[in-house]
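Participant: The lines below spell out each chain.
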Amino acid sequence: MILFDLARRNIRLHWLRSLLAVVGIIIGVVAISSMGMLGNSLVLSISDSLTSVGDTIVVSPHVSSAQGSFGSSGGLRITERQVEEIRRAAGANTVIPLRTGADRITVGNEAKTAALYAMDPADVPVLLEKEGGIYLRYGSGVMVGKKLAEENDLKVGETIGIGTGDERARIVGILKERGIGFDINPDYALVVPDTWFASRYGERDYDQVIIKVRNLEDIDGVKAAVDDKLNRREQVVNVLDTRKVLSTIIDAFNQISTFTTAIGGISLVVAGISILNVMLMSVTERTKEIGIIRSLGAKRGEVMRIFLSEALILGLLGSAIGGALSLAGGYLAVNVMLQSTKYLFEASTLVYILYGVAFGIGVSLLSGIYPAWKAAMMNPIEALRFE
Amino acid sequence: MSPPVTDPYPIIRLEDVTKVYPMPAGDVLALDHLSLDVMAGEFIAIMGPSGSGKSTLLNLIGCLDVPTTGEIVISGRPVRSLSDDDLTTLRRDNIGFVFQTFNLIPLLSVLENVEFPLLLRGRPAGSRERCTEVLGAVGLTPDLFTHRPSELSGGQQQRVAIARALVNDPGILLCDEPTGNLDTRTGDTIMALLGALNRQGKTILLVTHDPRIAGFASRTIRIVDGSVA
Ligand SMILES: Nc1ncnc2c1ncn2[C@@H]1O[C@H](COP(=O)(O)OP(=O)(O)OP(=O)(O)O)[C@@H](O)[C@H]1O
Ligand SMILES: [Mg+2]
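Residue numbers (the numbering used here), protein chains in the order written: chain X, 1 to 387; chain B, 1 to 229.
Hint data in this document are derived by calculation from the structure and do not stem from the laboratory.
Check before you lean on any hint, since a few could be wrong.
Which chain X residues face chain B? A few, computed with CB under 7 Å, are given here [said to hold, decoys possible]:
hint, residue
1, 289
2, 296
3, 297
4, 299
5, 380
6, 381
If you anchor each label on the Cβ, the simulated ranges turn out as follows [as the list claims (entries may be wrong)]:
hint, chain 1, residue 1, chain 2, residue 2, range
7, X, 14, B, 26, 37 to 45 Å
8, X, 369, B, 81, 27 to 35 Å
9, B, 85, X, 269, 31 to 39 Å
10, B, 81, X, 277, 38 to 46 Å
11, X, 288, B, 73, 25 to 33 Å
12, X, 387, B, 15, 30 to 38 Å
13, X, 369, B, 218, 48 to 56 Å
14, B, 86, X, 262, 45 to 53 Å
15, B, 195, X, 288, 24 to 32 Å
16, X, 288, B, 210, 22 to 30 Å
17, B, 15, X, 17, 44 to 52 Å
18, B, 209, X, 369, 37 to 45 Å
19, X, 301, B, 195, 33 to 41 Å
Keep in mind it's a predicted model, so treat the numbers as computed, not measured.
Think of the CB as a built atom: it goes at the ideal place given N, C-alpha and C, for glycine as much as any other residue.
All chains, full assembly: derive it from the sequences and hints.
Facilitator: Have a look at this one:
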């Protein structure tokens, strides 16, 4: 305890340089934890805005480089025969062929453009959730995406004009908001029955086929089967599952987050060097004192403890204050970068404060080891002769 | 305190001790084949010209370093084979140092300075009482206990240092010019104190340049060029 006390008093005696070392640790801890919190909030907000359904396989026409990579599918579509093959490959899983398009819609006197998704009304409940009204029936009703409905104040039972003529369609239901998906993005779109779509725009092949897998373990098998049936001779379709796309994107953001946290870590290393400097000064100045306590019977390990205590005190002080300020730092960083602090008070975000504090204490102790070792290894006689 | 020793035995024995300090400009031979027996309860004054090796001798006896060749036996324990920790423990339990420059720890109060060696032994029961006891024995009043060393006179500081050297009740006191920084009168009171401690049974080795101070001792050894003259 007296060893700890000696360390404490020495810090008080040299309060200015100790304060500077503590400030360094504070900055390091705040940098590392607010960067970590920012990164984690970013990842959380990204994964939240993506539809995180992992049970979907999307089959779309493959555009080879010869056909040019511009234009949605270069006029390529998936034929009825290919859909049948996909059905066979998918086994018991639901296969939903889709046609997509866009058309002018009129709401009141206002005209705008909206995307259209045409599918078998029986498939709608498998793929989409409704918020109001009823699901699509065979006939002429349409369902409206949540955002489109919100922005135009559309209600179930109202009608909207479609196209330039006087064709009107009744809104039977409103879809739940879905976020950015890798299959379809119906938030700003109309979902219409495929028969109605065909009668209006003509019979044609499909733009996309979605497979809903019942059992997540089957995803790879179904993917392989589709690939095997359709892409045997040449690549005709792209087959991707949302789970993989999702994890690729989240991986990328996690890497960005790790990188920014590492940049915060650099400032902590700088802080560690400043502690090292303070400690080395302290050891040199107190050479005589080291000689004295050695002459009184202090072992090397006990001398070491005095100086490690000093580093520990600086580290604890800096890390505790830094940890408290991190909350403010993280709040600021997240608010500026994401305009929302919704993801700040999540355990996985707040844990970065703990990381920051732990790193702060660790770096301080690490920086104390060499000076403490140097003090412990001093020859007592030479230390006593030091003036 | 322990009663005077009736049957003297060598509490310190140096057998053909050589100490070489390797220096960039060439080795320095500080002690040159020196042999010496010190009986328990002796009060020895060590004299000799500057640089003759007196402090080196005291430091080796105090286990602050080990001889280059030869052997030193302290209370029956040969030191050359001991590890650094064992040497430190031997020093802690058997030896008290008193230096010319007092060597008190400036950050600690008088009481804490005296208590320090006890804390290194894990603060045995009754530590505080033991500190007040030795501080009283060297003639310091309790109103000084909470002062820092820098607030005391030289004579008072040396008394604190002697109290600190006594607190673990070591058998041996090693004093390197303890009166060197004190005026004659203060020096004499310190010597009277050491004389009293010797009569209580402490073995004392004292380095001095002053023949008058050496007169307090029961035996005087002259060191010249690293060996007993
Ligand atoms: N730690 C050391 N490193 C190198 N040389 C040393 C060391 N300690 C002492 N010496 C040398 O050893 C010799 C003896 O030194 P020592 O201090 O023992 O002399 P001393 O008799 O105590 O002298 P003084 O009366 O001036 O105190 C000197 O030449 C000194 O320079
Ligand atoms: Mg000397």
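Participant: Determine for every hint whether it applies to the structure shown.
Facilitator: Consistency of the hints with the structure:
no.	hint	verdict
1	289	holds (6 Å)
2	296	holds (5 Å)
3	297	holds (2 Å)
4	299	holds (5 Å)
5	380	holds (5 Å)
6	381	holds (5 Å)
7	X:14 to B:26: 37 to 45 Å	holds (39 Å)
8	X:369 to B:81: 27 to 35 Å	holds (30 Å)
9	B:85 to X:269: 31 to 39 Å	holds (34 Å)
10	B:81 to X:277: 38 to 46 Å	holds (40 Å)
11	X:288 to B:73: 25 to 33 Å	holds (30 Å)
12	X:387 to B:15: 30 to 38 Å	holds (34 Å)
13	X:369 to B:218: 48 to 56 Å	holds (50 Å)
14	B:86 to X:262: 45 to 53 Å	holds (47 Å)
15	B:195 to X:288: 24 to 32 Å	holds (29 Å)
16	X:288 to B:210: 22 to 30 Å	holds (25 Å)
17	B:15 to X:17: 44 to 52 Å	holds (49 Å)
18	B:209 to X:369: 37 to 45 Å	holds (44 Å)
19	X:301 to B:195: 33 to 41 Å	holds (38 Å)
Hint compliance for this structure: every hint is met.
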